[in-house]
Structures are given as structure tokens and as C-alpha cells.
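*Asks:* Using the hints, position chain B against chain A.
Line order of the protein sequences matches chains A and B.
The numbers in the first sequence follow the working numbering, run straight up by one, and end at 1261.
The numbers in the second sequence follow the working numbering, run straight up by one, and end at 1261.
If you're looking for bench data, these hints aren't it; they were derived computationally from the structure.
None of the values given here were measured: they were computed from a predicted structure.
Among the hints, a few may not be true.
The list cannot tell twin chains apart, which means a pair is met if one copy fits it or any two copies do.
Claimed, not checked - Quick list of in silico lysine-lysine cross-link-like pairs, DSS-like style, CA-CA up to 30 Å:
hint, residue 1, residue 2
1, K948, K636
2, K945, K636
3, K867, K791
4, K867, K694
5, K791, K780
6, K791, K945
7, K791, K694
8, K605, K867
There are 2 protein chains.
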Amino acid sequence: IEAPCAEDGGMEELATEKEAEESHRQDSVNLLTFILLLTLTILTIWLFKRRRVRFLHETGLAMIYGLLVGVILRYGIPATSYHHKTPPSCSLKEGPASTLLLNVSGKFFEYTLKGEINSREIHNVEQNDMLRKVTFDPEVFFNILLPPIIFHAGYSLKKRHFFRNLGSIITYAFLGTAISCFVIGNLMYGVVKLMQVVGQLTDKFYYTDCLFFGAIISATDPVTVLAIFNELHADGDLYALLFGESVMNDAVAIVLSSSIVAYQPAGANTHMFDASAFFKSVGVFLGIFSGSFVMGAATGVVTLHCFPLLETALFFLMSWSTFLLAEACGFTGVVAVLFCGITQAHYTYNNLSEESTKRTKQLFEVLHFLAENFIFSYMGLALFTFQNHIFSPIFIIGAFISIFIGRALNIYPLSFLLNLGRRHKINQNFQHMMMFAGLRGAMAFALAIRDTATYARQMMFTTTLLIVFFTVWVFGGGTTPMLSWLHIRVVTVSRLQLIFPFCVCRVDVDPDQDLQPCVDNFQVLQGDGSQAEGQSKTKQESAWLFRLWYTFDHNYLKPILTHSGPPLTSTLPSYCGPLASCLTSPQAYENHEQLRDPDSDLIHSDADLTFMFGDTAITANGASANAAGGSGWSANGKRSGSTSEEALERELDSREQELLSRGTRLVFPIEDHV
Amino acid sequence: IEAPCAEDGGMEELATEKEAEESHRQDSVNLLTFILLLTLTILTIWLFKRRRVRFLHETGLAMIYGLLVGVILRYGIPATSYHHKTPPSCSLKEGPASTLLLNVSGKFFEYTLKGEINSREIHNVEQNDMLRKVTFDPEVFFNILLPPIIFHAGYSLKKRHFFRNLGSIITYAFLGTAISCFVIGNLMYGVVKLMQVVGQLTDKFYYTDCLFFGAIISATDPVTVLAIFNELHADGDLYALLFGESVMNDAVAIVLSSSIVAYQPAGANTHMFDASAFFKSVGVFLGIFSGSFVMGAATGVVTLHCFPLLETALFFLMSWSTFLLAEACGFTGVVAVLFCGITQAHYTYNNLSEESTKRTKQLFEVLHFLAENFIFSYMGLALFTFQNHIFSPIFIIGAFISIFIGRALNIYPLSFLLNLGRRHKINQNFQHMMMFAGLRGAMAFALAIRDTATYARQMMFTTTLLIVFFTVWVFGGGTTPMLSWLHIRVVTVSRLQLIFPFCVCRVDVDPDQDLQPCVDNFQVLQGDGSQAEGQSKTKQESAWLFRLWYTFDHNYLKPILTHSGPPLTSTLPSYCGPLASCLTSPQAYENHEQLRDPDSDLIHSDADLTFMFGDTAITANGASANAAGGSGWSANGKRSGSTSEEALERELDSREQELLSRGTRLVFPIEDHV
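Isolated chain A (complex conformation) (with noise of 0.2 Å):
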């Protein structure tokens, strides 16, 4: 095989056909390497939720089965069992075009540009095939696995919680994000300089590459945190302000890592960062972001009523049209993505059928969960398969004490400054907590693996890595703990159940989508007579700039893109009557009476279940969940995070023995352990 007879033509198709075959058998292999790493995953993962064992999250389990795939894979099959072969090889005076034609004896072959590889590589490719081949071109993660993790993420925030914090959570997301970035590569350049001056750099490292690993890493990914604070209904506004942030600073991060790489200056001497290209980039930003709110508006129009398939699927196809559109524009579809979800969460969710809702949630949830358990456990292999590591002792504990600095200016001087302006202030343990959940993820590992070609990258990716793995064990891992230790309140299942026995509150959804209708039921219980008052009152405590946005929304964007909100025609000037009335949807005047608009919680009733999560951030709500309250339900003031939750605990009990005394039928969870 090695030399074929280049005469005999139909011997010689053979042979590339037996090896198009093998190859192709091959790739089925791998994949399904993957596949059964992702099932051992689901299985075990199956194990601990109904064990309710909560220190390991499925990606830490991912990341752990991939570990072990990737020490067989590497150690485990005899080196004989590869294919060695040396590629053949050609040379050519001009420079590689991404079509290459190869003429044997007469015959034509078409190539396809996979990559450079550098001369270390070249031996790879001799030595491991196998290793060579579980390990995946990067674009797959950026084209194929992020895009609906990052939808879903978009398309999950619609929550209370996200739109009162919404400035809060900007601030983190782009200034925290942008301070996060300059700290850490600042501090990483110390430590370059400082590895030189040992001897411990044998290749260049500039300054951009500093700055480059400072947004790369700047990425948080607290999924681990933010499962465990769903199973135990934690506070709603530290899980929005965690969530909210670590969604939007994967687009920060993104943007920042492709500006530095992009602007930087094209002579390879000076490597330092330009200004002015940072701000060009921000132009492009907001150019993305302009674009895809356009694009998710535009969406939102274009729903089909009756039809569930058909909207499920005109749904997903919206979906990734935009992100193909961004980077048709050349800019970046992953960031496209996630606005596009978000606006579409609340608009197009809104123009959906109730099953096609439900369609469209489920289909995202099942793809996001298998493209971010694949994600983590191809981390854990790639800790063993990837073939060029560069393990550097200094430059790794550099970087975990530059992000670890980077993070505490990122939390706390923005905190001190928010908290200025904010009337819910976000207090010292929720800061720390905040410190406490930066975890790295899919987005940071990602960026890093994009680009592994250099010395200074392939050193980052594999500081990443370890960062990533530390980070979703340790500090995942001790998310409970440190929730108790802070005193941050839960509200578990059981006790839930306890006040609202009228409903079974499942388990595994999140917060506040959950809880709503217990407290609706319990409203109906308590009689809501004050309810006017409560409201008005937490309308005025709400964030100016929420405040702003909602009444444009309410009245302008919702009624002209959904067939939710007041008609037009009541809330434009009378001078734009005509217009108003061809802008409005028929269906907008049938509703206007009968229609809660299903956002009018957001700041209607966030008093009763502020209360209800009952923490130490309860304080500037207190009077009006007082007020909407009524009976046996006496608001606790105080800014102390335990007195508080002793107070609520008294209020618990008491009101445990008042259902009881009752005779009311009191609903408890098969297992609960908690």
C-alpha cells in the first residue's frame, strides 16, 4: 500500500477507497468515544440527583470521565495499534491556498487546507495518529457547541430579578470584565518579565499575549454555582446578578480577545496594545449588538400561530440564521446569538403558542445540555490527548493569583460604587459570594483552544485548563458550604411546601418561574386587598434606568412586535393615530382588558417573593411586602443577615402550626434529605 502500482488504476482507487473508509470508520470511533462518555455522564448524574449529592456538578463529572478517557487513550493503547505513516509531502514556492491540486500520474486529487502545523506537529503526525484525531478542530466549538449554550443562556434570562439588576449586572459584565482584562494581563507581563530573568521563557511572549490571556480568562462560567443555587432556591437577585454577568462577559470576553488579536499592530515587534483599535472594537460591539436586536425584533414578528412544529422550527432556524448572518458581516455570530436569544425571550416568547413554548424551551435545554457536558469532557481529554502543552510552574500560579485579584478589583470597588446608587444594596456577603463563584468555563476554554499555534498560546491553553478544572471542582464543589457560611438564605423544597401545601413545587426549575404560582395561590388565600398600594409603592423603588426602559417597552416595543401589551392607538399621542392603529395588532385590542401581561410581575409582585426568599437583601422591601402581605406576616426590617433569617424561621414555624391546626393536607417531597 505504501507504493502502489501507479499503473494499474483500479488497484490504486481501491486502496484510497479502503482508506477513505478506514478513515471515516475511524471518525465514527471517536465520536462515539465521546457519546459513551456522555452517557457514563448522564447515568452517574442520574446517581447523584437522586442521592441529592450536590458537591459535584455534571460538568465537573464530565471534565473527571474525560480525565480518565484521556489517560487510556494516551497510556493505556499499545503505541502498535496506530496507524504509522509518514504523510507524503510536496513542495511549492507560493504561499498555501485553501485548494490544492494533486496530480498523480494524470490523475487529479482535490485537498482542502486543514491548518500550518509546526515542525514539532510534523513528528506528531508521524507518532499518534489516534491522539491526532480525538482531538477536534477548534472552529467545531465556536460554530457548533457554543452557539446554543449561549442561546439558551440568552434565552433563559428572562427574569425578574435580570431586569431590576440590569445596570448592575452591565457594570460587572463590561466595566468589571474590561478592569478584569487589564489587571490580569498587567500582572501575567510581571510574571513573563519575571520567568525571563529566571530562564524558565524559551520562546516570545509579548505584552498583546498578556492582555490576550487576560480576556480570555476573564470569562466566568458559574454553572456549577448557579445549579446548586437553583436546587436550593437561593436569593433571586444574586442569582440574577451571577448569571446575568457571567452571560454577558462571555460576550465581552469574546469581543475583547478578537479586538486585541485583530488591532494588534501588524509589525511583530511592538505587540502593545492600540486605543484606539480597543474603541473601534467597541464600535464593532455595539454594531453587533444593534444588529442582532434588530434581527431578534425582527424575528419576533415572525411567529405562526397553530402550528406548533412549524413554529418550533421557524424558531430554530431564526435562531441560527442570525448567528450565520453575523458572521457572514464578519462579525461575531456567537454574541449575535445571545442577544438575538434574549430579545426573543421576550418578545417572540410572547407571539408563541403555549406548546410551542414549551417546544422551543425543551429543544434548547436538550442541546444545551449535551453541547456543555461535551464541552467539559472533551476538556478532561484534552488535558491528555493535546500534543503540545507547555506546563510552566511560575506562569500557572501567576495566573491563578492574577485572576484571583483580578476578580477582587472586578466585585468589590464596582460593588462600593453600585451600591451608591442602588436601593437593594448588594451587602458584603453577597460580594463575596460574588468573589467566590468566578469559576472558568466553556467560553474561556474555548478562546483559548482557538488558537494554539504559538508558544505564548499553547502555554495559556494549558494554564487554562487547569484553571478551568481547579475552579469547577473546588470552588463547585464548595458552592454549599460557602452559601451556609455566608448565611445566605435557602429556601428548600420541604419547607416551601410547608407554606403553599395548594402546590407541589418540582424540584429542578428555576426559582422564580416556580414559585409564581404558589404565590399566586397564596395571595388567593391570604386576600390581596392592599395589593394597589404595595404596588405603586415598589414601582417607585425600582431603578430609574429599569424604569425608563420598561415604560418604553411596555408601551412602544411589546405592542408593535407582539400582540402582548396596551394597543398603540391608547398610548401614542393622538397626532400619530393612523400610524398607531396600522402598527398595532388586531389581537392587542381583545386582549387589553383581559391580558396580565406576563412581565407586569416584574415589578408588580417582586415584594411578596422577595419576602418569601426571605435573606438579608429583603430590608428595602420590607414596607411594601408588609403592605401586600396582610395577615401573620410580619415584615423583619432589620439589615442583619441572621437575625433576619431567625426571624423568618420563627414566621415559618408559625405558620407551619397555623396550617396544621387547620387540618390542611400538607404535601412532602418523595425524598428529601435536605
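*Replies:* Showing chain B alone in chain A's frame:
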């Protein structure tokens, strides 16, 4: 850019990067084109569904839009905007390897083999990069688009009518497809000989090529017809026969064609069909079947309760791994996935939680919908963008006549033979309908495009494309007139709702599963005293093959693989006691009493349902229907279509009157122009 300075590494790198970026952007635009095509299709279909337009199915529409875009791409875009560039070429003595290294002044680039191109195509490479770009790698169809379609088909086969007609379906699918393949192959060989005489043939065309064409064109795909059957609630048996045949013969055609290719004699001169090779491939086929069956059964055991997301993810992964496992073993993944789907529908489905059954169905429904419409719109596009069409009028006309004769020699003789053994005869009109419903679709196309390297294959591809277009548009569009012309009874929704006013039947769900609750409601209304009698009668009438299978499945397989069915301890002989209690799931004991096995409907309530669909084939069921029906429903025991139709019409009318006189509320669909 054409000749970058080879000395300046930075500039060169930048040029490569730019080119890669450009290529990525181009890919995005291409995908976007397809997504917009699908979006257009969905929007139009939505309009059609609302207007109840039945003459054009979504797949037909997708083809039309594909054609339009193909025309625009081909003729609309000025040639100047193409990316004119001759790819560099280099020569080697050795045969092509899957990986090629390119050495450009010391730097190495890796290239992967895309395939052989002939001299005509090299010209195209130079001329029309854009058109080549929208042409997908044919393996995309087999590895990405076909699996969800075929899996969904298998997963939808859980139908009472399917299992009752299993023997006939297998006969049509295996024997019938083999007949069709040989008849078409031999007829086409005659056509090819004729073309040689006339001098229309400019290159080689062997006998095995003709047989190959027979195999690929024997895969029927009456998706259009079945959609209309679904909508009109046409006869269940006919539906099952057509659907079952089309699903199964895809598998047969794919194995047939690959065995014809794989086992053709290596010497280029003989190219005759080898019978021993055929039997070898039958062995492979049986191997795949049993392998997939075991695989599917294994996944049936590995289901998780309580967490729908995990269940759905696991279900998806198991289906996919079946595909990959088969490919890795050198079998045919698509076939494995089909049987995996059938097994999962039969066993796994019973183990899933209610939420998951819905989720999995919806997930695969969306995937199937998107994949199918993508393939059909790609077909439309390919007619203009594919570069190597060979339109040969004689070959095309010959092919049309051959497939007609092939289908006739499949349906009529086999139906005659089957009718000798069947209790429920397949009557003349049903046979005509089956003959009519021999559309060609996705599978034929995918098989034809897989290899278009030689002259013969290119001619086949062009012909296949035209056959698909013609059959989908003409036969697909003519289904509704044909149904009424053949007097095949359809039950429309408004009609059904008149009879069973207590349930609102949705329009676009398949007849069996949707009607089941209605029938149950009806029985509650009527009182089902004499049902036991009807049961035993219908049981005796069932086909022996089915009865044998049903007993084995119900007594042994279901208890082992699922939580339903009777416990093994009661079905196995007493000396197997310990083994039995070990294999039985604890839930089976609990279920034993109250369980209504969902598949028991397969036999028990057939009588009522067949009566409901009241068509010409119900005669054999007449007696039991009479027994089960009870009051006011006289069974019509005559063979003739029109008479029984009139009788049913009268029945419906009298029933309607009766209900109206009782003052029952009647539910009408909003728009029903049926």
C-alpha cells in the same frame, strides 16, 4: 495576494488568515441561503395549512424554492463576482493519501483529501468556485441528514396497523424491492444497449451500473401521500402498508446498492452481478438487523425515571451511538438507526416518563422536519448548481417506463400472493393506490449523489433527480383526487366530531393515536358489555406470524426489557422460577393488575377502529365490530366500495341526527373546507 512575498512570514500568514476568513464567511452565506430557503418554505406551508391547500406538500414546495434559488445562483450572479483563481497543483509519484503535507519554504501546511476530480471538473474549479461551494459533501446526507429522518420513521411505526400487516409489509419491502431492482436493472440494460446502437452513449455503462440504478431508484418515499392520508384520516391498513413498505425498502435499497458496489468483481471487464456476493450481503443485512435490535433493546433497559432532560438526552445519545457503532463496525448506520427506532418505540417508549415521551417525539419531529425539507430544497438547488449533469432523453424516458413496470411487477403479483393468505384482503383499489404512491424521495437522491465520479453515475443522478421531481409534484399533488377516484374512504375531522362530540380531535396527528381517546369515550357512552367476546374473535383472525410474535413479545421480551407486561414468573415455566424473578422488574408485579398494556390495543379494539374508518376493507371485521359496537351501529358486510360507503354515510347521518335530538354540544373546527 496571488504571489505573496515568500520571505515575509507575517504577511504570508496574514494572507492565509484572510483567505480562511473569507472561506468561512462564504460557508456562512451558503448555509444562510439554505436556512432562508427553509424559512420561506415554512412560511408558505403555514399559509397553505391555514388555507387547507393539499395539492402541494412542503417537500414539493421546498424543491420549488430550491429550484428558484438554483436558477438565481447559476444565472443571476454575474460571473465577475466569482472567486476566479486556479488552485496551485503539485505532482507526486505516489498514490493519494488522506493527509498531505505542503512545504512552503520551510513551513508545513496540512491538507486533507477531498476526493478525486476528473478533467472536466478541474475546469470548473477554476471557473465557478461559488457554485461548487453550495454543493455539499454527499456524506453529509448519510451522516447528518438521513439519520434523523429514518429514525423518526422507525420511531413512528408504533402503530397497531403496522404490526397487524407486518407480514405483508416485509414481503413488499424485501421481495418487492428485490423484484423492482432486478426488473429496472435489466430493463435499463436494454435501454443502455439501445443507446449504444443509436450512438447516444459516449462512455462506459456496465450491467452492474444498471443494477445499481435499479437498487437506488427502488427506494420509495411517499411522504407527500402519507401526509395527506394523515390529514384526511384515510384507511389505517393502507397507511400502514405504504408507510411500512417505504420505511423498510429504504433499508433494503441501501444494502442492495452497497452490496452491488462492494461485491462487484474487481476486474473492470466483467462487471456482472455475482449471486454469492448478494447472499453475502444478505448475511450482512441480517447481521445489522440483529445487531441493531440488540442495541435498541439495550437502550430500552437503560432509561432513567424522574428527570425528563436526562432521559431525553440519553435517548438521543443512544440513538446516535447506534448509528456510529454500526458505521464503526462497517455496517450501514442508517439501517441500524431505523431498527433502533422501531425497537425504541416498542420497548423504550414504555420505560420513559410521560413528559419524556412527548419530548423525544417532539425533538425528533423537529429534526426530521428540518432535515427532510433541507434535502428536498437541496434537490431543487442541485438541478442547477450541480456541475456534471448528463441529460439523456432516451435514458430518462426509459427510466420512467422501467420504474412504472418495476413497481407494477412488485405490487400486483405480490398482492395476489398475499391475498391468498390474508384474511383482510388487499383489494384492487388499495393495490392501485399503492402503485400510485410509489414516489421517490430523499433516499434515492442521497444514494444517487453519493458517487458521481463516473459518466454512468452522473447520468443516473440527473435521471434520479428528474424522477423525484416528477413523482413528488405529479403523484403527490394528485393524491386527493386519486383517493376519491378509487373510492377510498376518508373520515374528515368535522365528521368525526359529529360522531364523538366529547373529544376535540386535532388535525395534524396520525389517525390511530389520535382517535384512540375518542373511541374510548365512545365506548363509555355506549357501554362495552360484549367486548370480551369480540376480543377473542379478533385474536383468532390475526395473522399467524403476528400472533406468534405477539405472544413471545408480550410474555417474554416486554417483561425483561420494560416495566410493562406480566411478570416473568407467571409466564415462564415453574422450573425457571429463580431466573424469572431475577429478570422481572419490581414494578411489573405492581402493574400486573391495573395495567392496560398499550399494545394490547393492537388486537383488542381493532374492530371498533377499523369500523370507524369505515372503508371497503372492513368486511372481515364486520362481525366483531357488530359485537363490540352495540346499539345503532349496523356493520356493513359488503365488499363493494361504493355500497359500504353509502351505508356508512347513512350511519353517520342517523348518528348525527340522534345526537342533535339529544341536544349534545357539537364541536366544529374553525375552518373546515373539506
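*Asks:* With reference to the structure, classify each hint as holding or not holding.
*Replies:* Results of checking the hints against the structure:
1. K948 / K636: Both, since 21 Å and 25 Å are each at most 30 Å.
2. K945 / K636: Answer is both; intra-copy 23 Å and inter-copy 22 Å each pass.
3. K867 / K791: within (27 Å within a copy, 61 Å between copies)
4. K867 / K694: For K867 and K694, the Cα distance exceeds 30 Å both inside one copy (49 Å) and across copies (33 Å).
5. K791 / K780: Close inside one copy (11 Å), not across copies (70 Å); limit 30 Å.
6. K791 / K945: neither (52 Å within a copy, 56 Å between copies)
7. K791 / K694: between (44 Å within a copy, 18 Å between copies)
8. K605 / K867: between (51 Å within a copy, 19 Å between copies)
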